Amino acid sequence: MTNVSIMTFNILSILPILVLAGFGMIVLLIDVLTSRKLGEKNLLAYLSLLGIVVAAVLSRSSIGTATFSFNETFTIDNYSIFFNLIFLLSTGLTILISHNYIKREEINYGEYYALLMFSTIGMMLMASGADLLNIYIGLEVMSISIYILTGFKRSKLISNEASLKYFLLGAFATGFLLYGIALIYGSTGTINLRQIACFIAGRGGGLDPLLILGMGLIIVGLGFKVASVPFHAWVPDVYEGAPTAITAFMSVGPKAAGFAAFLRIFMTSFAYTHHEWQKIIYILAVLTMTTGNVVAIAQTNIKRMLAYSSIAHAGYLLIALVSANNMGVSGTLFYILAYIFMNIGAFAIVIVLSRKGDEFIQINDYAGLGFKHPLLAIAMTLFMLSMAGVPPMAGFVGKFYIFSAAIKSGYVGLAVIGVINSVISVYYYLRITVIMYMKEPAREFSPLTISPLIVAAIVISVVGTLQLGIFPSKVMEIAQRSIFTLK
Amino acid sequence: MEAYLFYIMAAVSVTAAVYLVFEKNPVFSALYLIQTMVCIAVLYILLEAQFIAAVQIIVYAGAIMVLFLFVIMLLNLNIKEETKNALPFQKIPAIFMGIVLFTAICAVIKSKLLQGKQGEYTTAYVNSVGNTKLIGNLLFTDYLLPFEITSILLFVAAIGAIMLAKRKL
Numbered sequence: 007m008t009n010v011s012i013m014t015f016n017i018l019s020i021l022p023i024l025v026l027a028g029f030g031m032i033v034l035l036i037d038v039l040t041s042r043k044l045g046e047k048n049l050l051a052y053l054s055l056l057g058i059v060v061a062a063v064l065s066r067s068s069i070g071t072a073t074f075s076f077n078e079t080f081t082i083d084n085y086s087i088f089f090n091l092i093f094l095l096s097t098g099l100t101i102l103i104s105h106n107y108i109k110r111e112e113i114n115y116g117e118y119y120a121l122l123m124f125s126t127i128g129m130m131l132m133a134s135g136a137d138l139l140n141i142y143i144g145l146e147v148m149s150i151s152i153y154i155l156t157g158f159k160r161s162k163l164i165s166n167e168a169s170l171k172y173f174l175l176g177a178f179a180t181g182f183l184l185y186g187i188a189l190i191y192g193s194t195g196t197i198n199l200r201q202i203a204c205f206i207a208g209r210g211g212g213l214d215p216l217l218i219l220g221m222g223l224i225i226v227g228l229g230f231k232v233a234s235v236p237f238h239a240w241v242p243d244v245y246e247g248a249p250t251a252i253t254a255f256m257s258v259g260p261k262a263a264g265f266a267a268f269l270r271i272f273m274t275s276f277a278y279t280h281h282e283w284q285k286i287i288y289i290l291a292v293l294t295m296t297t298g299n300v301v302a303i304a305q306t307n308i309k310r311m312l313a314y315s316s317i318a319h320a321g322y323l324l325i326a327l328v329s330a331n332n333m334g335v336s337g338t339l340f341y342i343l344a345y346i347f348m349n350i351g352a353f354a355i356v357i358v359l360s361r362k363g364d365e366f367i368q369i370n371d372y373a374g375l376g377f378k379h380p381l382l383a384i385a386m387t388l389f390m391l392s393m394a395g396v397p398p399m400a401g402f403v404g405k406f407y408i409f410s411a412a413i414k415s416g417y418v419g420l421a422v423i424g425v426i427n428s429v430i431s432v433y434y435y436l437r438i439t440v441i442m443y444m445k446e447p448a449r450e451f452s453p454l455t456i457s458p459l460i461v462a463a464i465v466i467s468v469v470g471t472l473q474l475g476i477f478p479s480k481v482m483e484i485a486q487r488s489i490f491t492l493k
Numbered sequence: 002m003e004a005y006l007f008y009i010m011a012a013v014s015v016t017a018a019v020y021l022v023f024e025k026n027p028v029f030s031a032l033y034l035i036q037t038m039v040c041i042a043v044l045y046i047l048l049e050a051q052f053i054a055a056v057q058i059i060v061y062a063g064a065i066m067v068l069f070l071f072v073i074m075l076l077n078l079n080i081k082e083e084t085k086n087a088l089p090f091q092k093i094p095a096i097f098m099g100i101v102l103f104t105a106i107c108a109v110i111k112s113k114l115l116q117g118k119q120g121e122y123t124t125a126y127v128n129s130v131g132n133t134k135l136i137g138n139l140l141f142t143d144y145l146l147p148f149e150i151t152s153i154l155l156f157v158a159a160i161g162a163i164m165l166a167k168r169k170l
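So the sequences go chain by chain: C and Z.
Each residue of the first sequence is one higher than the one before, starting from 7 at the first, in my numbering.
Each residue of the second sequence is one higher than the one before, starting from 2 at the first, in my numbering.
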């Protein structure tokens with residue numbers, strides 16, 4: 007072994023990642039080279055959007071392929087492409103809703119867009135990694151970018167606090183993940199997902215306690231990222247302190263990436279030991295849904311309410327993981343897509359109604375919105391109904407698929423708990439609607455923080471929520487074709 | 002001989018780690034951290050991973066710890082400062098859970114169920130090729146992608162340091 011043979015690498019498979027990295031650096035360079043005031047940096051937002059679109063087109067062009075590249079450390083299959091498109095959509099919508107917001111908050115630095123794109127690279131790596139090391143590095147790239155974005159309002163104490171809290175707890179959770187990976191390596195001798203699966207299947211029974219401990223630690227690490235319940239303590243404070251546009255991003259992007267890794271690791275590598283982890287995830291799912299929904303009722307701050315609602319939605323997605331069948335995977339894909347539209351839409355409206363200095367994020371600040379700005383109120387109502395799972399919105403169809411997946415796997419009790427939880431959630435989602443339409447306005451709404459880009463984001467979200475709710479079959483069919491083809 | 006050295010080093014590193022947590026003076030804490038790092042480096046040598054042992058000393062015990070000490074000295078922390086126990090009700094459950102976890106791990110180790118797999122890089126093989134060469138080889142073949150993505154990770158960290166810490170942007 008004197009000569010090192012460097013094999014040919016399929017660079018095309020990571021082209022979307024390279025494009026995003028390139029655009030991220032170009033944005034940083036242009037930001038340095040142009041003066042701070044020039045054109046108020048509209049150019050940077052448009053350039054970032056262009057990068058997202060190019061990456062999405064490139065991702066889309068490889069639909070149907072199913073190959074490993076980089077020596078089986080990277081997968082390109084329909085599953086990862088679907089997730090890549092989900093990440094790019096959430097980043098794109100986030101850029102649309104941020105553009106005006108970061109100008110108003112005077113945090114209009116080019117780094118903002120660059121970091122959004124870099125965190126998307128991390129997410130894409132998490133969804134495509136066929137190797138625990140790649141998934142770990144992806145998770146780190148994503149998390150570190152988001153820690154920084156959380157603290158982006160540098161002069162605000164609450165933002166600094168949120169960033170520090172998220173960073174410390176996140177680093178701790180990453181430690182758990184890494185320790186889990188180490189134990190799995192110790193017991194199976196590999197970190198490649200497929201080889202782990204082969205090793206476990208090859209041994210057949212007689213589970214290694216080390217492996218179970220490693221699996222449990224990976225659940226802790228990823229459970230933190232998707233905000234499931236015993237690991238959720240950071241969520242409300244961080245969501246409240248972060249800039250609102252980043253809160254919107256945080257509640258969809260990293261959550262989707264966490265589930266992408268969760269599903270891939272547990273349904274390929276640990277498919278053989280599913281009886282072991284299903285019990286753990288079952289308990290997590292019940293705790294997550296119930297805590298999220300019950301605590302959300304008591305919130306008076308809309309950002310905190312949406313934070314608990316995002317915990318509850320992570321609980322519904324965990325149901326799909328418990329059911330561990332193909333329907334659960336496609337249900338997760340569909341649900342996350344629907345969740346992006348309704349959640350980013352809701353946060354877009356929170357941004358439109360906020361003002362510099364006073365964020366107006368108490369739920370009572372929404373009183374009378376229905377009379378003053380009927381269109382905004384209708385859009386908000388749509389998003390709230392969709393999150394509550396009222397037909398014919400996207401949220402209903404997503405929940406329907408997930409609960410059916412659970413029933414198909416024999417988890418009727420879990421599906422019943424899920425339905426009860428969705429009924430509980432109707433209370434706090436509808437409360438906002440009631441306040442918007444049935445109370446006298448308590449404050450002046452204008453001037454709104456409005457720009458063509460944020461209007462575009464709201465329109466896209468409304469169309470997406472309705473489209474997925476009324477005509478779900480086409481997207482569902484794509485989701486069904488996007489389950490793992492490589493095992 | 003090696004087994005004795007392992008037990009001694011393991012005991013010293015755990016003791017130093019415990020002192021690191023309980024020591025009130027931050028400079029002493031940092032010194033205990035160096036102690037832990039060096040002990041871990043010795044453990045790497047016992048596993049015949051000399052390259053990683055050297056990196057452990059150079060990067061952790063050297064570079065990172067120097068930065069740590071610099072920061073501690075620049076901050077001029079008040080040593081006498083008494084910190085209030087913010088979470089008094091966590092103490093007893095934490096000790097209890099710690100004992101449970103410890104017994105569980107001991108039981109697992111005793112149970113002989115542990116059957117880790119022998120990896121493909123045995124000590125004899127590693128020594129025949131050479132530590133550094135083998136690591137370099139793996140980094141540029143099997144783990145090329147994560148290795149390259151690490152550059153983005155470092156880049157992001159650099160941006161973050163400037164973004165969050167620079168006084169005037």
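Treat the hints with care, as some may be off.
Derived DEER-like restraints, expressed as beta-carbon distance ranges [what the hints assert, rightly or not]:
(1) Z/L140 / C/R66: 26 to 34 Å
(2) C/L454 / Z/N138: 56 to 64 Å
(3) Z/K111 / C/H280: 39 to 47 Å
(4) C/A207 / Z/N138: 43 to 51 Å
Rather than coming from a laboratory, the hints here were simulated on the basis of the structure.
Remember, predicted model here, so these are calculated numbers, not experimental data.
We treat Cβ as the ideally placed atom computed from N, Cα and C, and that holds for glycine.
- Message: Checking each numbered hint in turn, tell me which of them this model violates, lowest number first.
- Response: 3, 4
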